[in-house]
Amino acid sequence: MGAYIGRRLVGAFVLLLVVSALTFLFFNVLPSTDPAALRAGRQPTPELIAQIREDLGLDRPIIVQFGDYMLQVFTHFDFGRSYQQDQPVINLITARLPATVYLAVGAVIIWLTIGLSVGILAAVRHRSLFDRLSIGLSLVAISAPVYWLGLVALYLFAPNFGLIPLPFVGGQGSYAPPGQDLGGFVKAMILPWFVLAASFAAVYARVLRGSLLEVINEDYIRTARAKGLRERTVIFRHGVRSAITPVVTLLGLDLGILLGGAILTETVFNIPGLGRLAFSAIARGDLPIIQGTVLFGAFFIVLFNLIVDVVYAFLDPRVRY
Amino acid sequence: MAQPLLEVRDLRVQFDTDDGVVRAVDGVNYSVGRGQSLGIVGESGSGKSVSSLAVMGLTRFQGARVTGEVIFDGRDLLTLSDEELRRVRGKEIAMIFQDPLSSLHPFYRVGHQLAEAVRAHNDVSKGKAKERAVELLGMVGIPQPQRRADAYPHEFSGGMRQRAMIAMALINDPKLLIADEPTTALDVTVQAQILDLIERLQKETDAAVIMITHDLGVVAEVTDEIAVMYAGRIIERATTDAIFDAPQHPYTWGLLRSIPRLDLPRDVELVPIEGRPPSLINRPSGCAFHPRCPFVRDAHKKIDPDLVAVEGDPGHLVACLLTVETRRQLWEKLRAGADPAEAREAVPLLSKEA
Chain A
1 MGAYIGRRLV
11 GAFVLLLVVS
21 ALTFLFFNVL
31 PSTDPAALRA
41 GRQPTPELIA
51 QIREDLGLDR
61 PIIVQFGDYM
71 LQVFTHFDFG
81 RSYQQDQPVI
91 NLITARLPAT
101 VYLAVGAVII
111 WLTIGLSVGI
121 LAAVRHRSLF
131 DRLSIGLSLV
141 AISAPVYWLG
151 LVALYLFAPN
161 FGLIPLPFVG
171 GQGSYAPPGQ
181 DLGGFVKAMI
191 LPWFVLAASF
201 AAVYARVLRG
211 SLLEVINEDY
221 IRTARAKGLR
231 ERTVIFRHGV
241 RSAITPVVTL
251 LGLDLGILLG
261 GAILTETVFN
271 IPGLGRLAFS
281 AIARGDLPII
291 QGTVLFGAFF
301 IVLFNLIVDV
311 VYAFLDPRVR
321 Y
Chain B
1 MAQPLLEVRD
11 LRVQFDTDDG
21 VVRAVDGVNY
31 SVGRGQSLGI
41 VGESGSGKSV
51 SSLAVMGLTR
61 FQGARVTGEV
71 IFDGRDLLTL
81 SDEELRRVRG
91 KEIAMIFQDP
101 LSSLHPFYRV
111 GHQLAEAVRA
121 HNDVSKGKAK
131 ERAVELLGMV
141 GIPQPQRRAD
151 AYPHEFSGGM
161 RQRAMIAMAL
171 INDPKLLIAD
181 EPTTALDVTV
191 QAQILDLIER
201 LQKETDAAVI
211 MITHDLGVVA
221 EVTDEIAVMY
231 AGRIIERATT
241 DAIFDAPQHP
251 YTWGLLRSIP
261 RLDLPRDVEL
271 VPIEGRPPSL
281 INRPSGCAFH
291 PRCPFVRDAH
301 KKIDPDLVAV
311 EGDPGHLVAC
321 LLTVETRRQL
331 WEKLRAGADP
341 AEAREAVPLL
351 SKEA
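Going down the list, the protein sequences come from chains A and B.
Quick note, the first sequence lines up with residues 1 to 321 if you use the numbering used here.
Quick note, the second sequence lines up with residues 1 to 354 if you use the numbering used here.
Calculated from the structure, these hints are not laboratory results.
These figures come from a predicted structure and were not determined experimentally.
Mixed in with the good hints there might be a few duds.
Stated by the list, open to error - Which residues of chain B face chain A? A partial, calculated answer using Cβ under 7 Å:
{"hint": "1", "residue": "86"}
{"hint": "2", "residue": "90"}
{"hint": "3", "residue": "91"}
{"hint": "4", "residue": "102"}
{"hint": "5", "residue": "105"}
{"hint": "6", "residue": "117"}
{"hint": "7", "residue": "120"}
{"hint": "8", "residue": "121"}
{"hint": "9", "residue": "152"}
{"hint": "10", "residue": "154"}
To be verified - Cβ-Cβ distance ranges computed for the label pairs, FRET-style:
{"hint": "11", "chain 1": "A", "residue 1": "129", "chain 2": "B", "residue 2": "281", "range": "22 to 32 Å"}
{"hint": "12", "chain 1": "B", "residue 1": "155", "chain 2": "A", "residue 2": "249", "range": "34 to 44 Å"}
{"hint": "13", "chain 1": "B", "residue 1": "17", "chain 2": "A", "residue 2": "272", "range": "50 to 60 Å"}
{"hint": "14", "chain 1": "A", "residue 1": "310", "chain 2": "B", "residue 2": "99", "range": "26 to 36 Å"}
{"hint": "15", "chain 1": "B", "residue 1": "309", "chain 2": "A", "residue 2": "129", "range": "22 to 32 Å"}
{"hint": "16", "chain 1": "A", "residue 1": "214", "chain 2": "B", "residue 2": "73", "range": "32 to 42 Å"}
{"hint": "17", "chain 1": "A", "residue 1": "214", "chain 2": "B", "residue 2": "344", "range": "45 to 55 Å"}
{"hint": "18", "chain 1": "A", "residue 1": "312", "chain 2": "B", "residue 2": "67", "range": "43 to 53 Å"}
{"hint": "19", "chain 1": "B", "residue 1": "279", "chain 2": "A", "residue 2": "9", "range": "57 to 67 Å"}
We put the beta carbon where it would ideally sit given N, CA and C, even for glycine.
Construct the entire structure; sequences and hints are all you get.
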């Protein structure tokens, strides 16, 4: 197991290197904007732009820029400075990371609670009205784009202009860190949490339902019933225990992706997370921030994939590394 | 005669499917006395497994319609609530299945799975249940049971897994053990060991046994009585000796002639039963075996024979329209090595009076 994790970490390192190189390459081969020109203000002189170019190190060959960047990242955990905001990228990212983490974790709790219980109930009551209804509704939830669902939720429930304003729901852009104002934080996050969780809950319900329906037909479920276990024990200890493995895989991937920033949800609800940081950096051609957020996102995905694989060995004793 | 341990009366099991109603079990009667053993023999789809699953109430989970009576120890199991039936399952009636690998949960240690069966019916500590599990694993001949109890099913060999299944079934001292094709998935050498084990444990625990199999060779040594099933019904029932010495039904002849025998010359070929098992949605008219029967007469396509006692042998039941004398002569020829066509040439086929 230790050797396996070691091998995977080496692989992760290589992968992150490749991801950085690709980001660098795309940015320089397909330049959307000239960062120096953007920074120079409204009436830039060519000299000023050249000066900025030199300050930012943009006049050096790309390969040197890349090598220097990677060296700084892996030796000093230094992700460079933002072209536009004149701050170390790592500070910007760590300032934005908490909001993204809160958004992701809250949504995960909601979608696991709803998705798993609906999935189990639908499988146990296969072909019942509940089953058909929840599977039909889940299709709607999966099909609804987050930005549409977010706007509809605001239109219905937002405090100042919503049709049915709810007292415990905060509006767009009302985000406050939980340390400052816990009540305000929860109010601000309620809608984003549910909007983000909706499609995930639907996918998880369907996946668990399908997986559990398959497991329920397994011989060992018949054995569990034949030895006189209570139906609750049969379903949870024997059925769900086996059926949960594909859900764990999904959860690892989804969490990894979400921690890199939920761009749409953060934008619709104006939450200062990594997603919005990346989004505005793309608009301004701020390569160090793009580079940093991409690297962070990739890191989370790699990390959670590794965690999933390790968890698998605990879930299924037949898995050996 | 004392009340039998299990008495099944007119048991019917039906499943609704998109293609129509499947009559998996279509009016079955049998009984098993305490400490006795019954073999239920038939092809796949003859209803032999479904009938036992229905006795255990396990067909309830598959949406089956079950009618008739299953009197076990004085109670009709079909009228029990789910919870009452749960208390019977694994405690008074236990079951072992065909494929021990897929029948054990892959994620739990073998000892844990046995202990779970103990704790489902007894209010004991986990430690006590585990002790009992180890004891039973030792009893079924698993070496180093203390250590092996902590292994997972995939770490066991096929024979060891089936031993563990048997241990799990016997852990609450059931009065009845149903073994559904317990040796089919095993190597031939292991099959004999498992059968010996079941026979030995039956004697030691005095449990009744129902052995379900497609292989008459399996039940020959083990059971007191045999019921042969075809298309959801019992078509012949008798003591094991009678089935082997004087089988009455052409289908039973087919089964007997399809197992290898040492008392025949080596060049005598095994004879398969022609054709395929009938549809359980549209039963053949008349005698359900008539499309495959080498001795069919026109009337057999219309008249559905009842399961009745053979003249002169009230304990031997058969559902066949041929006369006793015709059947005796046919079996004489077949036993001597004639093929069905030759036997039909030599013996005039007489049907019973309608």
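- request: With 26 to 36 Å as the target window, see if residue 310 of chain A and residue 99 of chain B comply at their CB atoms.
  value: Roughly 31 Å apart at Cβ, these two residues keep to the hinted range, so it holds.
- request: Identify whether the interface hint at residue 152 of chain B stands, where standing means a beta carbon of chain A within less than 7 Å of its own.
  value: holds (5 Å)
message: Less than 7 Å between beta-carbons is the criterion; does residue 117 of chain B satisfy it with respect to chain A?
response: Constraint on residue 117 of chain B satisfied, holds at 4 Å.
message: The hint says 22 to 32 Å between residue 309 of chain B and residue 129 of chain A; measuring C-beta to C-beta, is that right?
response: violated (52 Å)
query: Taking 50 to 60 Å as the hint, is the beta-carbon distance of residue 17 of chain B and residue 272 of chain A inside that range?
result: Holds: the Cβ-Cβ distance is about 58 Å, inside 50 to 60 Å.
- request: Given the range 57 to 67 Å, decide if the beta-carbon distance of residue 279 of chain B to residue 9 of chain A lies inside it.
  value: holds (60 Å)
query: How about residue 90 of chain B: closest beta carbon in chain A under 7 Å, or not?
result: holds (3 Å)
query: Has the hinted range 22 to 32 Å been met by the Cβ atoms of residue 129 of chain A and residue 281 of chain B?
result: The hint (22 to 32 Å, Cβ to Cβ) holds, given that residue 129 of chain A and residue 281 of chain B are roughly 28 Å apart.
- prompt: If you check the beta carbons of residue 155 of chain B and residue 249 of chain A, does the distance land in 34 to 44 Å?
  reply: violated (25 Å)
Hint check, residue 121 of chain B versus chain A [nearest Cβ-Cβ separation less than 7 Å]: holds (6 Å)
task: Closer than 7 Å between Cβ atoms is the bar; does residue 91 of chain B clear it against chain A? Give me holds or violated.
output: Since chain A brings a Cβ to about 6 Å from residue 91 of chain B, closer than 7 Å, the hint holds.
- request: Let me know if the C-beta of residue 86 of chain B comes in closer than 7 Å to any C-beta of chain A, holds or violated.
  value: The hint holds - residue 86 of chain B has a Cβ within 7 Å of chain A, the shortest such distance being about 5 Å.
Checked against the numbered hints listed earlier, the structure breaks hints 12, 15; every other hint is satisfied.
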